[in-house]
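Trainee: Listed below, chain by chain, are the residues.
There are 2 protein chains.
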Amino acid sequence: MHDVKAILFDTFGTVTDWRTSVAAEMTVWADARGISGDWLAFADDWRSRYHPSMDRVRRGELPWTILDVLHRASLEAMLPEYGISGLNDAELDHLTKIWHRLHPWPDSVAGLTRLKRHYIIGPMSNGNVALLVNMAKHSGLPWDMVFGSEISRHFKPDPEVYLGACTMLGLKPGQVMMAAAHNYDLKAAQALGLKTAFFARPSEYGPKQTKDIAPTGDWTVVARDIEDLATQMGA
Amino acid sequence: MHDVKAILFDTFGTVTDWRTSVAAEMTVWADARGISGDWLAFADDWRSRYHPSMDRVRRGELPWTILDVLHRASLEAMLPEYGISGLNDAELDHLTKIWHRLHPWPDSVAGLTRLKRHYIIGPMSNGNVALLVNMAKHSGLPWDMVFGSEISRHFKPDPEVYLGACTMLGLKPGQVMMAAAHNYDLKAAQALGLKTAFFARPSEYGPKQTKDIAPTGDWTVVARDIEDLATQMGA
Chain A
252 MHDVKAILFD TFGTVTDWRT SVAAEMTVWA DARGISGDWL AFADDWRSRY
302 HPSMDRVRRG ELPWTILDVL HRASLEAMLP EYGISGLNDA ELDHLTKIWH
352 RLHPWPDSVA GLTRLKRHYI IGPMSNGNVA LLVNMAKHSG LPWDMVFGSE
402 ISRHFKPDPE VYLGACTMLG LKPGQVMMAA AHNYDLKAAQ ALGLKTAFFA
452 RPSEYGPKQT KDIAPTGDWT VVARDIEDLA TQMGA
Chain B
252 MHDVKAILFD TFGTVTDWRT SVAAEMTVWA DARGISGDWL AFADDWRSRY
302 HPSMDRVRRG ELPWTILDVL HRASLEAMLP EYGISGLNDA ELDHLTKIWH
352 RLHPWPDSVA GLTRLKRHYI IGPMSNGNVA LLVNMAKHSG LPWDMVFGSE
402 ISRHFKPDPE VYLGACTMLG LKPGQVMMAA AHNYDLKAAQ ALGLKTAFFA
452 RPSEYGPKQT KDIAPTGDWT VVARDIEDLA TQMGA
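Note that the protein sequences, when read in sequence, are chains A and B. First residue of the first sequence? That's 252 in this note's numbering, and the numbers climb one at a time after it. First residue of the second sequence? That's 252 in this note's numbering, and the numbers climb one at a time after it.
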């Protein structure tokens, strides 16, 4: 534990609440246009296309593609199902970048601010650099370094993401902690020698969420949230 | 001017004062060991090997190599000339990482803190990520993103460095400003369409400095220092 120099965070769901953020922006946007819809379901639908879209890159069906572009393609595929058509490029870009404007969970900024005094902190996310930098500016996430997916040109849980970040920080895997609300992410990091921290975000996927309610591995730290992680890490 | 969304800074000499920082650490280290020497000259000597060492990478005489490794090789080549020998790996690593602990100029933290409220700010440096992240932690440089040299695997003034950062930020070159106390850096950035900001650091190379005392190009902004740049940029 005392060897940890850096704590890297998953972002979507772990630091920010994508579901209610996407739904809230879509509600305002649609209301202004007289469009009705279930925007929480819209958020869930958009997010459900996230892993499949990255898998297309991973299988080589698409060349290396950043998440902004994958989000845009998913959006364009979805919109007709929600009765939305005829948007111009600027409107599609604005909606795609809802993901740059996600809100943090209530404990995120306070917890990260405490951790930053003692550790290098950064996102280790499948988001691209612009998405993560804009998200941090929008929400006040006080990152020291932003590990966007272009830096390794891989998506988690590919090992290149975790090991590339360790190398760039000049640290051994055991000096780096991966923090996430998703057990699959921690499993991949642990297998490479990183320390791990889990805290549940039981409403990430809404009231019917069944996965990632509890830790499923022997993680280095299990916390209630990022503030509690800071406390447990002595920050 | 009003299009600028991000301001990226050269670091060695522009944001931090490498010469007196290296000399001060070497003085303390050497005094503790009863070694006398001219440590300002030592700093100048070490820095004089910086461009030649990167040129070896650029010419393909060395594979891609981060600045920490180049600094270490330069150090090991120099030490005998200063009567220093027999250091172990930990001592050589400690001295190499003096470059991670450089002090900012008096206006740097205040000016960057003001600019950060209005712009994305980051280093765009030939330093590697660990060097730049540690420097920021050491000195309180409030970067939003750290563009270390590994991210493009090129050294300035190669175009890949400047254009790669613009692409990762999702910005056009005209939306990004390069800020440096070195005209050569701004010339390269300007040729690619970036905005430019110059401020002199007339004691960077000591009292006999003759180059980069004044702007030699038609830069977008010429300022006195980073605080003045913040004022001119409305921050």
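Derived by calculation from the structure, the hints in this document are not laboratory data. All C-beta atoms, glycine included, are put in the ideal place defined by N, C-alpha and C. Heads up, a few of these hints could be off.
Derived lysine-lysine pairs resembling DSBU-like cross-links, with alpha carbons at most 30 Å apart [what the hints assert, rightly or not]:
#  : chain 1 : residue 1 : chain 2 : residue 2
1  : A       : 388       : A       : 367
2  : A       : 367       : B       : 348
3  : B       : 388       : A       : 388
4  : B       : 348       : A       : 348
5  : A       : 423       : A       : 348
6  : B       : 462       : A       : 367
7  : A       : 423       : B       : 423
8  : A       : 423       : B       : 348
9  : A       : 256       : B       : 367
10 : B       : 388       : A       : 256
11 : A       : 348       : B       : 256
12 : B       : 367       : A       : 348
13 : B       : 256       : A       : 388
14 : B       : 367       : A       : 367
15 : A       : 256       : B       : 423
16 : B       : 459       : A       : 388
17 : B       : 367       : A       : 388
18 : A       : 367       : B       : 256
Here are some chain A residues pointing at chain B (derived, C-beta under 7 Å) [stated by the list, open to error]:
#  : residue
19 : 305
20 : 308
21 : 380
22 : 381
23 : 384
24 : 395
25 : 401
26 : 420
27 : 464
28 : 465
29 : 473
Just the calculated beta-carbon pair ranges, DEER-fashion [what the hints assert, rightly or not]:
#  : chain 1 : residue 1 : chain 2 : residue 2 : range
30 : A       : 306       : B       : 302       : 54 to 64 Å
31 : B       : 458       : A       : 316       : 45 to 55 Å
32 : A       : 271       : B       : 282       : 24 to 34 Å
Trainee: Please go over all the hints and tell whether each is borne out by the structure.
Mentor: Here is what the structure says about each hint:
1. Only pairs whose Cα atoms come within 30 Å are accepted, and residue 388/A paired with residue 367/A is accepted, the gap being roughly 16 Å.
2. Simply put, residue 367/A and residue 348/B have alpha-carbon atoms about 21 Å apart, close enough for the 30 Å limit, and the pair holds.
3. For the hint linking residue 388/B to residue 388/A, the alpha-carbon distance of about 19 Å falls within 30 Å, and the restraint holds.
4. With a CA separation close to 39 Å, the supplied pair residue 348/B and residue 348/A exceeds the 30 Å bound.
5. Of the supplied pair hints, the one linking residue 423/A and residue 348/A is violated, its CA atoms being roughly 35 Å apart against a limit of 30 Å.
6. With a C-alpha separation of about 38 Å, the suggested pairing of residue 462/B with residue 367/A is violated against the 30 Å cut-off.
7. Restraint check for residue 423/A and residue 423/B: the C-alpha separation of about 36 Å exceeds 30 Å, so the hint is violated.
8. For the hint linking residue 423/A to residue 348/B, the alpha-carbon distance of about 17 Å falls within 30 Å, and the restraint holds.
9. Distance restraint check for residue 256/A and residue 367/B: the Cα-Cα separation of roughly 25 Å lies within the 30 Å cut-off, and the hinted pair is therefore satisfied.
10. At roughly 12 Å between alpha-carbon atoms, residue 388/B and residue 256/A fall within 30 Å of each other, so this suggested pair holds.
11. The hinted pair formed by residue 348/A and residue 256/B meets the criterion: a straight-line CA distance of about 16 Å does not exceed 30 Å.
12. In summary, the hint linking residue 367/B to residue 348/A is supported, as the alpha carbons are separated by about 21 Å, within the 30 Å threshold.
13. In summary, the hint linking residue 256/B to residue 388/A is supported, as the alpha carbons are separated by about 12 Å, within the 30 Å threshold.
14. For the suggested pair residue 367/B and residue 367/A, the alpha carbons sit about 17 Å apart, so the restraint of at most 30 Å is met.
15. For the given pair, residue 256/A sits about 35 Å from residue 423/B by alpha-carbon distance, which is inconsistent with the 30 Å threshold.
16. With a C-alpha separation of about 42 Å, the suggested pairing of residue 459/B with residue 388/A is violated against the 30 Å cut-off.
17. Of the pairs offered as hints, the one joining residue 367/B and residue 388/A holds, with about 9 Å between alpha carbons and a cut-off of 30 Å not exceeded.
18. This hinted pair checks out: residue 367/A and residue 256/B have alpha carbons roughly 25 Å apart, not beyond 30 Å.
19. This hint is violated: residue 305/A has a C-beta 18 Å from the nearest C-beta of chain B, more than the 7 Å allowed.
20. Taking 7 Å as the C-beta contact cut-off toward chain B, the hint placing residue 308/A at the interface is violated, the least distance being around 17 Å.
21. The interface hint given for residue 380/A is met, as the beta carbon of that residue sits about 4 Å from the closest beta carbon of chain B, less than 7 Å.
22. Of the supplied interface hints, the one on residue 381/A holds, with its beta-carbon coming within about 3 Å of a beta-carbon of chain B, less than 7 Å.
23. With a cut of 7 Å, the hint placing residue 384/A at the interface with chain B holds, because the nearest CB-to-CB distance is about 5 Å.
24. Given the 7 Å rule on beta carbons, the hint for residue 395/A holds: about 6 Å separates it from the nearest Cβ of chain B.
25. Given hint, residue 401/A at the interface with chain B, holds; its Cβ is 6 Å from that chain's nearest Cβ, closer than 7 Å.
26. Checking residue 420/A against chain B by beta carbon gives a least distance of about 5 Å; that is within 7 Å, so the hint holds.
27. Checking residue 464/A against chain B by beta carbon gives a least distance of about 34 Å; that is not within 7 Å, so the hint is violated.
28. Given the 7 Å rule on beta carbons, the hint for residue 465/A is violated: about 33 Å separates it from the nearest Cβ of chain B.
29. The criterion of a C-beta within 7 Å of any C-beta in chain B is not met by residue 473/A, whose closest approach is roughly 27 Å, and the hint is violated.
30. Under the hint 54 to 64 Å, the C-beta atoms of residue 306/A and residue 302/B, about 45 Å apart, miss the expected range.
31. For residue 458/B and residue 316/A, the Cβ-Cβ distance of about 53 Å falls inside the hinted range of 45 to 55 Å, so the restraint holds.
32. The hint said 24 to 34 Å for the Cβ distance between residue 271/A and residue 282/B, and at roughly 59 Å that hint is violated.
Consistency with the previously given hints fails for numbers 4, 5, 6, 7, 15, 16, 19, 20, 27, 28, 29, 30, 32, ordered from lowest to highest.
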